[in-house]
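Could you put together the complete structure from these sequences and hints?
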Amino acid sequence: MPDVEITKQLAGLHSHIDRLHPHTCPRSASLFLAEGRIGLPLLPHAPPNLRRDYLHTLCEGLTRIHRCMTGHLSAYAEWGTDEWAAYARALEPLGRVAVRTATMMTSDVEALRPLERVIVLAGDLTGLPRPPLVPYEAFKRSFQTEPHKIRVLLDWSMLDAHHQAGDVKVTLHIHGSPRDFHDTFAPWYHRDHLHEAEFDDPDARPWRFSEPDAGSRWLSSEHQEKIEHFLHDYRRTEPSQPLRLSLATLDLGDTRALVLDGNHRLAAILRMAMRSHRIRVAEFRLSAPLSRRLLPDLTHWHVG
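Residues 80 to 383 (this note's numbering) are what the sequence shown spells out, left to right.
Mixed in with the good hints, there may be bad ones.
Claimed, not checked - Here are the simulated DSS-like cross-link-like pairs (lysine-lysine), alpha carbons at most 30 angstroms apart as the crow flies: (1) Lys-248 x Lys-219; (2) Lys-305 x Lys-219; (3) Lys-228 x Lys-305; (4) Lys-248 x Lys-228.
The hints are simulated quantities; they were obtained by calculation from the structure and are not laboratory data.
Below is the structure:
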């Protein structure tokens, strides 16, 4: 009977592992973790070949989930509170069961190595932040490369140093109203709402997203064309679905934030929201010691 049961659990793992990818749905991750935990106590009684296959598949699935959580922001942007709770319930006992199983297999060196790997991976997953906290590594990998590469002059080396010192925090904020962006700025600058300006122009003033119509009078044709491109995409969204966006911001203090990536898409989605379209914006807000060395634009917020 152990052979039958472990074969059944192994089939369950295989049925879920192909669904574990950067855009992993929470149900697939939770089911994989639950299947993995249920099969572990059966391993001491299973034939060596099934034991080996089971542990290899379990390690591979846990590695994929870890890669999803630390290499991408999809889970943080898309999963809901109930889905995170189900994931935590499935993950929490996995490490304990793996440790208990290992104590029953101390003479099987071949099985102990992958079991130890399962214990380490389960511990790593358990230790990762959960919303509203977000892993800095996932933020960096998502916004340091295309297609969402941060293009302002953010000093990543300095940010890494702040992170090593424990002075960096990334938090998730979900927004559904244009009013949420009253104190949110773009790294776009104007002179008296008449002309676009470079950030180092002494007369330049930063633009708030709460004044979109004013921006339309002085924004360059390049900015306008990019906004129109995203407006075109959003207009094709199924009306019953909310318009979705993930973006990166820098916390300026006093409820203010500067958008680091996603400015054109945010300008477009807020215009759509003004026309009664529902929106769901996942803001990944970076908090770090502010200085002009970190980001030259910060001169406009009187940062040294």
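Hints broken by the structure, by number, lowest first?
none
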